[in-house]
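Q: Each chain, letter by letter, is given below.
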Amino acid sequence: AQSVAQPEDQVNVAEGNPLTVKCTYSVSGNPYLFWYVQYPNRGLQFLLKYITGDNLVKGSYGFEAEFNKSQTSFHLKKPSALVSDSALYFCAVRDPTQTGANNLFFGTGTRLTVIP
Amino acid sequence: KAGVTQTPRYLIKTRGQQVTLSCSPISGHRSVSWYQQTPGQGLQFLFEYFSETQRNKGNFPGRFSGRQFSNSRSEMNVSTLELGDSALYLCASSLAVTKGETQYFGPGTRLLVL
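The listed protein sequences correspond, in order, to chains A and B. If you use the working numbering, the first sequence corresponds to residues 1 to 116, in order. If you use the working numbering, the second sequence corresponds to residues 1001 to 1114, in order.
Same shape as in the complex, but just chain A:
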């Protein structure tokens, strides 16, 4: 069975400091991993994904994520946080072994607050 864990419900960081939002996954085979961000009263916006290749993935708005197979992690990072980064962040996985299905399994979300 596939699953995603976001161990922190809330992350606070000062503006200008680096930020990390953690995600670990459990899936058979090589995972397909995604990060999305949700602003209040909005849908999910795609940030980045890992399919294969380089373990460091660069995405939108200066975000990046590092895939670590041995630790089954896919943490989201940004070198310098902005107040406008404050939002709800979701990690998601797609099960590569589930044939005929393309749905995403989401973590519970991490609320990021960037303090001015």
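Just to be clear, a hint being listed does not mean it is correct.
DSBU-like mimics (lysine-lysine), calculated; alpha carbons at most 30 angstroms apart, straight line [what the hints assert, rightly or not]: (1) B:K1099 <-> B:K1001; (2) A:K49 <-> A:K22; (3) B:K1099 <-> A:K22; (4) A:K77 <-> B:K1099; (5) B:K1057 <-> B:K1013; (6) B:K1099 <-> A:K58.
By construction, these hints were calculated from the structure, which means they are not laboratory data. Just so it is clear, the structure is predicted and the values come from calculations on it, not from any experiment.
Given chain A's structure and the hints, the job is docking chain B onto it.
A: Same frame as chain A, now just chain B:
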């Protein structure tokens, strides 16, 4: 290119009624998926459609149904509404159904059941 659009954006219904939500995917996208988002259960998968065929269905009761039209637009229907159906319903579209494909989400329809 326009993004995924969902109508209506907000909806208030009473228990026992039925509701139909609509989703128009990004132009050229043929796959549409639906998700339910609630504070208690988080984001849960409802259905996935591709070329008018339901490919996959999540663990929801039969009251939840959907369909996709030849122009890739999709609708989902919930019959006999219950209070617990109050949620944000999100539609996502993707170009194809390969495992690496990105799903792009619409703004959602917020349903309140009274």
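Q: Hint by hint, which ones does this structure get wrong, listed from lowest number up?
A: none
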